[in-house]
Amino acid sequence: MVKTYINHLPIFILFLSLTVCGNGEEKGDGGEGEDADIFDQFQDPVEDEIPHRPPPSGVDILVVVDNSGSMAQEQDMLKEAFPNLIRELLNPPIDPATGTRDYPPVKDLHIGVVSTDLGVAGYSVPSCEKNPLVGDDAILQHIPRLPDCDPAYDSYLHYTLPQGEEPNSEVIEDLAKDFG
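In the working numbering, the protein residues as written are 184 to 363.
Since the hints were derived computationally from the structure, they do not count as laboratory data. A portion of the hints provided could be inaccurate.
Taking CB as the label site, the calculated pair distances span [claimed, not checked]: (1) Thr283 / Ser253: 39 to 47 Å; (2) Glu257 / Ser338: 20 to 28 Å; (3) Glu353 / Asn250: 24 to 32 Å; (4) Arg236 / Ser338: 26 to 34 Å.
Derived DSS-like pairs: lysine-lysine, alpha-carbon spacing no greater than 27 Å straight-line [what the hints assert, rightly or not]: (5) Lys262 / Lys290; (6) Lys290 / Lys360; (7) Lys360 / Lys262.
C-beta atoms are modelled at their ideal positions from N, C-alpha and C, and glycine is treated no differently.
Could you build the full structure based on these sequences and the hints that come with them?
Put into structure tokens, the structure is as follows:
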């Protein structure tokens, strides 16, 4: 019995839509002449009626990195791809036809990184060390893990575009490299 209802459901929906649309009689739509399109009643919005909001000036990004050994390939992909996102946000491409940017640059960017290694807070978990000092505790990561990294980083990466200036490609490139 349920199968019968399911089999007839498309027909029921079609019937319902025809019923809702009308009984087949054409009625005037307020347009001129009998051939006026039904969509003529919906006028295009006047440019002044559309609220214009300024683009957001700041963006905060929190990246959660699964730092388990099985995710090494995905971590490498993130290191390769994420700098492109930074470049696109801070220094949008310029349309050669118009000479203007495709969209406004982000003027204030903060990027933080946390890992999925939360530790065990001293509790006994069979698959983990019982050491409260092991684990990243869901705090922003900035301690260098490679020998050639600068240990003086803040707990997050940040960039601010000075008012009235164009994006500085060198500074943006340094920030993009710092993430990787």
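Hint check for asparagine 250 and glutamate 353 - Cβ pair distance inside 24 to 32 Å: The hinted range 24 to 32 Å holds for glutamate 353 and asparagine 250, with Cβ atoms some 30 Å apart.
C-beta pair glutamate 257, serine 338: status relative to the range 20 to 28 Å that was hinted: At roughly 23 Å between Cβ atoms, serine 338 and glutamate 257 fall inside 20 to 28 Å, so the hint holds.
Straight-line alpha-carbon gap lysine 360 to lysine 262, limit 27 Å: With Cα atoms ~9 Å apart, lysine 360 and lysine 262 stay inside 27 Å; holds.
Given pair status - lysine 290, lysine 262, alpha carbons within 27 Å: holds (23 Å)
Cβ separation of threonine 283 and serine 253, checked against the hinted range 39 to 47 Å: Between threonine 283 and serine 253, where Cβ atoms are some 45 Å apart, the hint holds.
Hint check for serine 338 and arginine 236 - Cβ pair distance inside 26 to 34 Å: Since the Cβ atoms of arginine 236 and serine 338 sit about 31 Å apart, the hinted range of 26 to 34 Å holds.
Hinted pair lysine 290 and lysine 360, Cα distance within 27 Å: With Cα atoms ~19 Å apart, lysine 290 and lysine 360 stay inside 27 Å; holds.
No hint from the list above goes unmet by this structure.
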